[in-house]
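Enquirer: Sequence:
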Amino acid sequence: MRDFKQGQKVRVKAGTTGGADELAGKTGTVARLRRADSCAWVAMDCDLPDGLRAFPADDEHGRGRHIILDPSECEAVR
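Using the working numbering, the first residue of the sequence shown is number 1430, and each one after it goes up by one.
Everything labelled a hint here was simulated from the structure, so no lab data went into it.
Some hints here could point you the wrong way.
Between beta-carbon pairs, the in silico distance windows are [said to hold, decoys possible]:
#1 Asp1487 to Arg1507: 29 to 37 Å
#2 Gly1444 to Asp1474: 15 to 23 Å
#3 Glu1489 to Met1430: 28 to 36 Å
#4 Cys1475 to Met1430: 26 to 34 Å
For every residue, glycine included, the Cβ atom is placed at its ideal position computed from N, Cα and C.
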């Protein structure tokens, strides 16, 4: 993928960097686009391993499954 779109459904590809390879094949939805680069916060449809968590699992704002991903680490789900 070249870029994300808000609300887009994506699947994490195998061979990603930053430890997200543990999520290979898992899906999520783009929750927030970043302005600083082409990455986005993706709300995953599965629980995240503790080592990949940016927020507590029980985050009061619902961000417990959010992770920053680069478009090159994902493919669009149709």
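Enquirer: Taking the hints in turn, state whether each one holds.
Expert: The hints, checked one at a time:
{"no.": "1", "hint": "Asp1487 to Arg1507: 29 to 37 Å", "in the structure": "holds (32 Å)"}
{"no.": "2", "hint": "Gly1444 to Asp1474: 15 to 23 Å", "in the structure": "holds (20 Å)"}
{"no.": "3", "hint": "Glu1489 to Met1430: 28 to 36 Å", "in the structure": "holds (31 Å)"}
{"no.": "4", "hint": "Cys1475 to Met1430: 26 to 34 Å", "in the structure": "violated (20 Å)"}
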